[in-house]
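Peer 1: Sequence:
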Amino acid sequence: MDGSVTKVKSGAGIILVSPDGFKYKYALEFKFTTSNNAAEYEALIRGLQLAQEIGVKRVQVFSDSQLVVFLNQVSGIFEANEPQLSSYQALTKTFLHRFESAMITQVPRK
1 MDGSVTKVKS
11 GAGIILVSPD
21 GFKYKYALEF
31 KFTTSNNAAE
41 YEALIRGLQL
51 AQEIGVKRVQ
61 VFSDSQLVVF
71 LNQVSGIFEA
81 NEPQLSSYQA
91 LTKTFLHRFE
101 SAMITQVPRK
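Following our numbering, the numbering of the sequence shown begins with 1 at its first residue and continues without gaps.
These are calculated hints, taken from the structure and not from any lab test. Hints may be right or wrong, so weigh each one.
[Said to hold, decoys possible] Taking lysine to aspartate or glutamate and the EDC-like style, the derived pairs with C-alpha atoms no more than 20 Å apart in a straight line are:
no. : residue 1 : residue 2
1   : Lys93     : Glu82
2   : Lys9      : Glu29
3   : Lys25     : Asp64
4   : Lys57     : Asp20
5   : Lys25     : Glu42
6   : Lys93     : Glu42
7   : Lys9      : Glu42
8   : Lys57     : Glu29
9   : Lys7      : Glu29
Generate the whole structure from the sequences, applying the supplied hints.
Peer 2: Structure follows, in structure tokens:
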């Protein structure tokens, strides 16, 4: 998953991969103004929602977002200092707890 913001648009790219390698690809365009950090959380949350809707029990997320992964805000090691990001953090934790297992891994930016 990845979120992106430009001067004109913001959105997210999400790819769900089944255990047998089938890929579900989604592109989302946000109809609201947002920051890069919020776009990353939006991508994560939307990806978790999609995974839950198709019946995924165990999820592994790969993201290049240092905010979401490297700083471990989602795991609670660090707390978000912006009110909006705190809300995203709480919502993300709620979604993660709905899976039998969930893991978030950082990948290098391309």
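Peer 1: Look at each hint and say if it fits the structure.
Peer 2: Here is how each hint holds up against the structure:
no., hint, verdict
1, Lys93 to Glu82, "holds, 17 Å"
2, Lys9 to Glu29, "holds, 7 Å"
3, Lys25 to Asp64, "holds, 17 Å"
4, Lys57 to Asp20, "holds, 15 Å"
5, Lys25 to Glu42, "holds, 16 Å"
6, Lys93 to Glu42, "holds, 13 Å"
7, Lys9 to Glu42, "holds, 14 Å"
8, Lys57 to Glu29, "violated, 27 Å"
9, Lys7 to Glu29, "holds, 13 Å"
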